[in-house]
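Sequences listed follow chains A and B, in order. For the first sequence, my numbering assigns the number 7 to the initial residue and increments by one for each residue that follows. For the second sequence, my numbering assigns the number 2 to the initial residue and increments by one for each residue that follows.
Derived by calculation from the structure, the hints in this document are not laboratory data. Incorrect hints may appear among the rest.
Derived EDC-like pairs: lysine to aspartate or glutamate, alpha-carbon spacing no greater than 20 Å straight-line [stated by the list, open to error]:
(1) B:K9 - A:D124
(2) B:K200 - B:D117
(3) A:K28 - A:E150
(4) A:K163 - B:D6
(5) A:K137 - B:D6
(6) A:K63 - A:E20
(7) B:K106 - A:E141
Bear in mind the structure is a predicted one, so any value in this text is a computation, not a measurement.
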Amino acid sequence: MNTNLEQEFVALLEDNQNILHKICRLYASDVASHQDLFQEMVIQLWRSYPKFKGDSKFSTWAYRVSLNTAISLYRSKRNKISTVDWDQSFANIKYEEYNSEEEEQLKFLYDAVRQLNDIDKALVYMYLEDKDYAEISETLGISEVNARVKMNRIKGKIKEILAKKGIV
Amino acid sequence: MDGLDLLKQHWNKDGDFPKVNKEEIRRMLYKSSSSLAKWIFFVSVIELFLGLAFNAWFFFFSDVEMGRDTDPLWLKIIDQSINVISYVITFYFIYTFFQAYYKIKNTNNTKDLLNDILASRKTVNQYISFNIYLIIISLTIGSISFIIEKHIFDKSTGEMMLYAIFTIIAVSIMGFFIIKLMKFYFRLIYIRLVNKLDKNYDELVQLED
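Take these sequences, add in the hints, and give me the full structure.
So, in structure tokens, the structure goes:
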């Protein structure tokens, strides 16, 4: 394997790793599945990296491949898998503990998003990342109008989930 | 302000993520993937080659064990034609599957990616259905061959009827169990693998239609 390519990729990924973490945060429900999904995304990114021609920014390309991995390729495993031993890095990740009232509210919001289906989560991710509807529609392969319709429905769904918990 | 906007305010502030270093990333690159596409690929290849093995067995079995010598020419021609056709179709399926599989690119848009994975799988499903038909046809041909071998046509009408009814029942029961077994297999393996993809794909096409 080309070591230059590897070095280049590893450096770019290290700088852009938060993209992956943010997606994991929406798709994974605990630290173990966060690690698992993160690893699968890295593998998929690395495999398609030779075809990345720099037509778009690395970050744009990376979030698209990562979202596709979460939606299409990732298979959650029930048993503990052979993830690289990197638990140390994850020592401070938050899935359960929240302190202030505001953080509590955020936790409910994240929980609500995690109850959405895989496609809706992708839309939420792109919405939170401030992507415009043209980009959202291009990433998912749906029309812009439908992306808007879907986004409105998602907002409704989240309201519903929160209402059920008596939050809104 | 709705929930998502509140989340958006915090989205970029909230940088409480782990920092995975270069060495850890490097080690991850060569870990084996657990992707659905990979599993679907393995299961499909196994199924395709089991089908091929079945075809080979069918060829061998129908040549040696059946009452070959007693078969009339028309039955031999049908039998041989089915053999040839089944090989041609099997290779067509194998070719289509590999072609569809190599089309899968995670850099496509999500809908195309899901579509490509599901298309590769659909080929294998059609292949399995084809094999079920082949089993049923081979059972029927086997029965006809058996009937001819036993000189049933020379026997009394009552005996002929009895043989015919017995054969129809036997073939139907076997066909029934084969289809049941296949359905059970699909529930066990296929649905577990493809369910997520189907659901997500439907979610995307629903609005487009």
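Taking the hints in turn, this is what the structure says about them:
no. : hint            : verdict
1   : B:K9 - A:D124   : holds, 19 Å
2   : B:K200 - B:D117 : holds, 15 Å
3   : A:K28 - A:E150  : violated, 24 Å
4   : A:K163 - B:D6   : holds, 14 Å
5   : A:K137 - B:D6   : holds, 14 Å
6   : A:K63 - A:E20   : holds, 15 Å
7   : B:K106 - A:E141 : holds, 19 Å
Violated hints amount to a single one, hint 3; each of the other numbered hints is respected by the structure.
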